[in-house]
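Chemist: The numbers in this note's numbering rise by one with no breaks, and the one at position 314 of the sequence shown is 314.
Please note that a few of the clues may not be correct.
To be verified - In the SDA-like style, the derived pairs of lysine to any residue whose C-alpha atoms are separated by at most 20 angstroms in a straight line are: (1) Lys39 with Ser28; (2) Lys156 with Glu173; (3) Lys26 with Ser47; (4) Lys204 with Pro217; (5) Lys34 with Ser15; (6) Lys210 with Asp251; (7) Lys199 with Glu173; (8) Lys199 with Asp251; (9) Lys155 with Ser138; (10) Lys204 with Gln247; (11) Lys199 with Ile245; (12) Lys262 with Gln252; (13) Lys210 with Gly259; (14) Lys283 with Thr265; (15) Lys262 with Phe244; (16) Lys368 with Gly344; (17) Lys210 with Asn242; (18) Lys210 with Glu220; (19) Lys335 with Leu354; (20) Lys374 with Pro355; (21) Lys156 with Val140; (22) Lys262 with Asn242; (23) Lys156 with Leu172; (24) Lys346 with Lys374; (25) Lys124 with Val140; (26) Lys335 with Lys368; (27) Lys335 with Val345; (28) Lys282 with Asp270; (29) Lys155 with Ala171; (30) Lys204 with Ala233; (31) Lys199 with Val158; (32) Lys204 with Ser189.
Quick caveat, the hints were computed from the structure, so don't treat them as lab data.
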Amino acid sequence: MAKFTPYALEALPSSGIDVNGLYFIKASGDSNFKIYIRKSDNSDWVSLGTVDSVDTVNSLTGNVKIDLDFTGGKLKISATGTGTAASVAEINLDARYRQNGADIDWDDIINAPDFALDSAVVHKTGNETIAGTKTFSSNVVVPQTPSSNTHAASKKYVDDADGNLQDQIDALELMVDAGMRVPTGIDCSSNPNYPASTKGDTYKVTVAGKIGGASGPVVEIGDLIVCQVTSAAGTHAAVGSNFFIVQSNIDQATESVQGVAKLATQALTDAGVDDLTIVTPKKLQKKINDNNTTSQTSNDSRYVRHDTAAQGLNSTQKSNARTNIAAADDAAVVKLTGAQTVAGVKTFSSIPVLPASNPITDNQAVRKKYVDDKIATEVAWGGTNGKEW
Numbered sequence: 001m002a003k004f005t006p007y008a009l010e011a012l013p014s015s016g017i018d019v020n021g022l023y024f025i026k027a028s029g030d031s032n033f034k035i036y037i038r039k040s041d042n043s044d045w046v047s048l049g050t051v052d053s054v055d056t057v058n059s060l061t062g063n064v065k066i067d068l069d070f071t072g073g074k075l076k077i078s079a080t081g082t083g084t085a086a087s088v089a090e091i092n093l094d095a096r097y098r099q100n101g102a103d104i105d106w107d108d109i110i111n112a113p114d115f116a117l118d119s120a121v122v123h124k125t126g127n128e129t130i131a132g133t134k135t136f137s138s139n140v141v142v143p144q145t146p147s148s149n150t151h152a153a154s155k156k157y158v159d160d161a162d163g164n165l166q167d168q169i170d171a172l173e174l175m176v177d178a179g180m181r182v183p184t185g186i187d188c189s190s191n192p193n194y195p196a197s198t199k200g201d202t203y204k205v206t207v208a209g210k211i212g213g214a215s216g217p218v219v220e221i222g223d224l225i226v227c228q229v230t231s232a233a234g235t236h237a238a239v240g241s242n243f244f245i246v247q248s249n250i251d252q253a254t255e256s257v258q259g260v261a262k263l264a265t266q267a268l269t270d271a272g273v274d275d276l277t278i279v280t281p282k283k284l285q286k287k288i289n290d291n292n293t294t295s296q297t298s299n300d301s302r303y304v305r306h307d308t309a310a311q312g313l314n315s316t317q318k319s320n321a322r323t324n325i326a327a328a329d330d331a332a333v334v335k336l337t338g339a340q341t342v343a344g345v346k347t348f349s350s351i352p353v354l355p356a357s358n359p360i361t362d363n364q365a366v367r368k369k370y371v372d373d374k375i376a377t378e379v380a381w382g383g384t385n386g387k388e389w
């Protein structure tokens with residue numbers, strides 16, 4: 001709060017000016033005081049307005065100081081010090097400024113306090129959004145246990161989480177250390193029972209055979225037998241569920257050896273030449289479907305339809321197809337209908353049957369009945385059959 005020395009004058013001084021002075025000016029004949037302060041660089045006067053609530057300040061004597069209070073945006077003047085403070089009432093200029101609109105430029109007031117609008121400051125209570133980067137000169141105190149992913153975390157919350165994580169890491173290290181033991185060799189050539197074991201015990205097969213008796217699973221050299229539940233010794237039927245076997249010598253599958261194999265791609269399936277990969281039903285079905293589709297629509301001389309749908313083969317393709325199935329050329333065979341010229345001598349193993357109608361041109365073959373009727377009609381003499389004299 002600024003400390004001012006009051007002066008009661010009839011006019012503003014031109015020399016000997018106190019930059020820390022509060023000047024109450026009341027000229028002869030005036031009824032009110034005009035209040036002024038001096039800029040800090042002593043370059044000009046700053047008017048604080050006209051006060052009508054104070055009649056006189058002439059009764060001030062002794063060591064008197066004047067305090068200016070800007071609390072709540074109101075300018076208040078009160079006397080302090082060892083002088084006749086009781087003779088000075090508090091001066092509230094707020095009503096004066098509101099009434100006459102005599103606003104004061106805060107930049108012109110020495111030691112004027114900085115303040116912001118209520119909507120532009122952070123409050124003690126309520127939810128508010130703060131923009132910008134805020135750098136704190138002291139540690140910020142927050143609730144110890146955050147309840148949202150966006151809440152600031154307290155040191156205790158982080159320390160507790162870090163401690164819990166370290167405990168888990170320590171426990172995991174102990175488990176790993178306990179499990180990383182060198183496996184014990186075991187000869188399975190005589191089909192031994194599972195040995196009495198503690199959870200985590202591991203056995204490496206040195207000689208192939210079976211484990212857990214003659215009815216146990218086959219194991220090969222390098223396989224690992226791992227105890228997953230602390231177990232007594234016994235056969236596979238009795239304690240086999242307490243162990244599991246890790247195969248280490250899996251071979252490439254062949255027609256005679258069980259093992260692993262790669263699944264064939266669709267390209268390998270379509271090509272049909274690879275003998276080391278396995279074809280899945282889905283890829284095989286696609287190959288079949290593609291072949292069926294091609295055989296129904298292709299004109300590439302590889303497939304001939306056997307149904308009634310049109311295929312659109314050209315003459316060469318048709319000829320090749322007939323050759324492949326030992327079929328005669330369509331143009332080289334006698335058809336059931338239509339006029340055709342038949343060349344060469346045709347010897348029939350059975351008598352040809354002609355139409356019931358009589359021939360009408362000279363080069364048409366005739367039926368036996370036609371001949372018989374013709375002879376009977378034209379040769380009336382002689383015998384029953386027209387052949388006798």
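Chemist: Hints first: check each against the structure and report whether it holds.
Modeler: Results of checking the hints against the structure:
Annotation: proposed proximity of Lys39 to Ser28 is violated, straight-line Cα distance about 26 angstroms (limit 20 angstroms). Using a Cα cut-off of 20 angstroms, the hinted pair Lys156 and Glu173 is violated, with the two alpha carbons roughly 25 angstroms apart. Annotation: proposed proximity of Lys26 to Ser47 holds, straight-line Cα distance about 13 angstroms (limit 20 angstroms). This hinted pair checks out: Lys204 and Pro217 have alpha carbons roughly 15 angstroms apart, not beyond 20 angstroms.
The suggested pairing of Lys34 with Ser15 holds, with an alpha-carbon distance near 19 angstroms, which does not exceed 20 angstroms. For a cut-off of 20 angstroms, the pair hint linking Lys210 to Asp251 stands: about 18 angstroms separates their Cα positions. Between the alpha carbons of Lys199 and Glu173 the distance comes to roughly 17 angstroms, so the proposed pair stays at or under 20 angstroms and holds. At roughly 29 angstroms between alpha-carbon atoms, Lys199 and Asp251 are farther apart than 20 angstroms, so this suggested pair is violated.
About 14 angstroms separates the Cα atoms of Lys155 and Ser138, which keeps this hinted pair within 20 angstroms; it holds. A hinted pair counts as satisfied when its Cα atoms are at most 20 angstroms apart, and Lys204 with Gln247 qualifies at roughly 10 angstroms. The hinted pair formed by Lys199 and Ile245 meets the criterion: a straight-line CA distance of about 14 angstroms does not exceed 20 angstroms. Restraint check for Lys262 and Gln252: satisfied, since their Cα atoms lie roughly 9 angstroms apart, inside the 20 angstroms limit.
For the hint pairing Lys210 with Gly259, the CA-to-CA distance comes to about 18 angstroms; that is within 20 angstroms, so the pair holds. Between Lys283 and Thr265, the direct Cα distance comes to roughly 8 angstroms. Compliance with the 20 angstroms bound is thereby established for this hinted pair. For the hint pairing Lys262 with Phe244, the CA-to-CA distance comes to about 25 angstroms; that exceeds 20 angstroms, so the pair is violated. Proximity of Lys368 to Gly344 is assessed by CA-CA distance (about 24 angstroms); at most 20 angstroms being required, the pair is judged violated.
A threshold of 20 angstroms between alpha carbons decides the hint, and for Lys210 with Asn242 the separation of about 16 angstroms falls inside it, so the pair holds. Distance check on the hinted pair: Lys210 and Glu220 sit about 8 angstroms apart at the alpha-carbon level, within 20 angstroms; holds. Under the criterion of a C-alpha separation no larger than 20 angstroms, the hint pairing Lys335 with Leu354 is consistent with the structure, at around 15 angstroms. As the CA atoms of Lys374 and Pro355 are separated by approximately 17 angstroms, the hinted pair is consistent with the 20 angstroms bound.
For the given pair, Lys156 sits about 13 angstroms from Val140 by alpha-carbon distance, which is consistent with the 20 angstroms threshold. Of the pairs offered as hints, the one joining Lys262 and Asn242 is violated, with about 32 angstroms between alpha carbons and a cut-off of 20 angstroms exceeded. For the hint linking Lys156 to Leu172, the alpha-carbon distance of about 24 angstroms lies beyond 20 angstroms, and the restraint is violated. A distance of roughly 27 angstroms separates the Cα atoms of Lys346 and Lys374; the hinted pair therefore is violated under the 20 angstroms criterion.
This hinted pair checks out: Lys124 and Val140 have alpha carbons roughly 14 angstroms apart, not beyond 20 angstroms. For the given pair, Lys335 sits about 24 angstroms from Lys368 by alpha-carbon distance, which is inconsistent with the 20 angstroms threshold. At roughly 17 angstroms between alpha-carbon atoms, Lys335 and Val345 fall within 20 angstroms of each other, so this suggested pair holds. At roughly 12 angstroms between alpha-carbon atoms, Lys282 and Asp270 fall within 20 angstroms of each other, so this suggested pair holds.
Among the hinted pairs, Lys155 with Ala171 is inconsistent with the structure: their alpha-carbon atoms are about 24 angstroms apart, more than 20 angstroms. Taken as a hint, the Lys204 and Ala233 pair is honoured in the structure, with Cα atoms around 17 angstroms apart against an allowance of 20 angstroms. A distance of roughly 36 angstroms separates the Cα atoms of Lys199 and Val158; the hinted pair therefore is violated under the 20 angstroms criterion. With a C-alpha separation of about 13 angstroms, the suggested pairing of Lys204 with Ser189 holds against the 20 angstroms cut-off.
The structure shown violates the earlier hints numbered 1, 2, 8, 15, 16, 22, 23, 24, 26, 29, 31.
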